[in-house]
Amino acid sequence: MAVMMYWEAIRRAHDEEMARDPLVICMGEDIGVVGGTYKATQGLYDKYGPERVIDTPISENSYTGLGIGASFLGIRPIIEIMSVNFAWLATDQIFNSAAKVRYMSGGQLTAPVVIRSPGGTAHQLGAQHSARMEKVFMGIAGLRVVTPSSPRQAYGLLKSAVRCNDPVFINEHELMYNMKGEVPDAEYFHPLEGSEVTRAGKDVTLFGYNISVHWCVQAAEQLAKDGIDCEVIDLYSLSPLNRAGIKKSVSKTHRAIVVEEAEAPVGVGSEVMAIINEECFFELDVAPVRVSAVNVPIPYNHHLEKAAIPNAKKVVEAVRKMLGK
Amino acid sequence: MNAADKKRLLREMLFARRFEERCYEAYVERKIGGFLHLYPGEEACAFGVLDAARPGHDYVITGYRDHVHALKCGADPKKVMAELFGKETGSSKGRGGSMHIFDAEHRFMGGYALVGGPFPLAVGMAKGIKMKGGDEISICFLGDAANNQGTFHESLNMAALWELPVLFVCENNLYGIGTRIDRSTAVIEQHKRVQAYNIPSNQVDGQDIEQVYAAAKIAVDHVRSGKGPYFLELMTYRYRGHSMSDSNAYRAKEEERMWGKRDPIIILRDRLIEAGELGMDDYKRMDDEVLEFIEKEVIKFAEESPEPKLEELEKYVLAENDPYVRGGVH
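Line by line, the protein sequences are chains X and E.
Residues 1 to 325 (the working numbering) are what the first sequence spells out, left to right.
Residues 1001 to 1330 (the working numbering) are what the second sequence spells out, left to right.
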């Protein structure tokens, strides 16, 4: 098993799928000649040419729509949107065209596109470059939403997303592209639905996704020194959420904390807590809580920015408070 | 265009007119719900352009005023009417409705209800055609008001930049919902706006199907020969309001009368009569046959078809049993 960086894993998935199928293309701003802001398509322009590795104008909604229209004819576009903040502009085509065309055509047309975009708060990028919007995407029927927490998932989820006949939104994170991890040497398809037990434990379940899985793991390791045994569940599929996986873990630990980088209102946390209520309310020993961002546009100032979003320390505090330790 | 073609097109346009008028009645009878955008007055646009193209072979996409484009592409009128009635036998199995007629088999790629939404989809279909190396073209029908959306400019830019085989047909009916074009648009002549993108364009009378056909022939040949996109502006008028919820009070009666005299069906009919190719009794017979078919076949089918099953409410949201969803693929 090779150790590679998150961006290398994404690049490998692109390369393998493009080598296999001439109808797989990738498109986005600066992805060709430049190789991608986060290097996810590095070298592919030279290898596959400008017809299949397309540098687009800065027209997010229309180049996304172009990919969707091409997908009606069997093309398999991997669309990179440089930042999730810019993906707001493309939501018309993603929500109104890609997510709904199968249903409103009675199953005649499908839009098998992949849309990759990094969200999250990086380093002092300010309010319009730091948003997390997975909460918006996961509420749209007809659209799959996955969010890889590791290079292995980044590789395997992209591979599956390209092959799947549904539109898939892949929520990445600007701070994670250089993260290292093991990726199988053999071709690997990560299931698009489900969740993973990142760390088994018995005292409390920490639900995380994408970068917050790492905060949960760091918190769990620290708490383990004090004899607190946390289970960490990686909700890499945000739409649909894995109800069975959530129920199974809460039924085991009887305590739940959801850790999300986004603000609390109408988010992953509220959705997971609703599922817990619906699936296993009587398994709970204590009311579940959320560790979320403060509900502000992300500030520029470094100290304010840090204070706005969660981290491992805030997770540790939430666990201690819940357990009274 | 020979006399036989003209007579065929007259009948097709008349069928579309009667179909739409019957939709109006069915809407009043509450057999059709939702929004209903009708096409009377604009028939020469869809029939003139598509007769010059290859309906069923070329990929066609449009907005919400979509029934007639679907019919000309080859959609079964019974299925289109059943869709409007919300039936399982409808072209979109009752899930789409008036604004979302689809017939993938005949490459009618749908009606879409966001103004300007189909522009990038049409350019994307052209990209797909080019990649697969076929001789089809992508044809996008939209109204003049769609040209004030960002997607118009973004899509025309990409279509021109990458020389994609797409024909944009602007059905300029002078109104965006209830706002007249000169009150919403700085440059009134739509065909001039595309010059900014070096896209060749033309403007013709959209009420005269022979003019539409001749201009469309040039446009289609241009696109099919690999020379890139083309923009055709057709000056037309809708005889009804924007949709059924429209009081239509914003248009001057004199303007409506003037355009009423320029009815595309009457223009073609009278031309055929003048040339001695058609008698008024022939036309009457044609009309009677059309009306009878719509009533006895089309409406009957829609009326008698079953509703979708409630237990299939969630069907068609996502692909069924996709192997990449649950894992186990190696």
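Just so you know, not all the hints are guaranteed correct.
Derived DSS-like pairs: lysine-lysine, alpha-carbon spacing no greater than 25 Å straight-line [stated by the list, open to error]: (1) K1296/E / K1284/E; (2) K1078/E / K1253/E; (3) K47/X / K1309/E; (4) K252/X / K306/X; (5) K1078/E / K47/X; (6) K1284/E / K1007/E.
Restraint ranges, calculated between C-beta atoms of paired labels, are given here [as the list claims (entries may be wrong)]: (7) E1307/E / G126/X: 29 to 39 Å; (8) G49/X / Y1024/E: 28 to 38 Å; (9) I1177/E / S270/X: 34 to 44 Å; (10) Q128/X / E1307/E: 19 to 29 Å.
Some but not every residue of chain E turned toward chain X, in silico, with C-beta under 10 Å [said to hold, decoys possible]: (11) A1003; (12) A1004; (13) D1005; (14) K1006; (15) S1092; (16) G1097; (17) K1130; (18) T1151; (19) W1259; (20) E1307; (21) L1310.
Since the hints were derived computationally from the structure, they do not count as laboratory data.
No residue lacks a Cβ here, since even glycine has one placed at the ideal position from N, Cα and C.
Violations among the numbered hints: Numbers 2, 3, 4, 5, 7, 8, 10, 11, 12, 13, 14, 19, 20, 21, in rising order.
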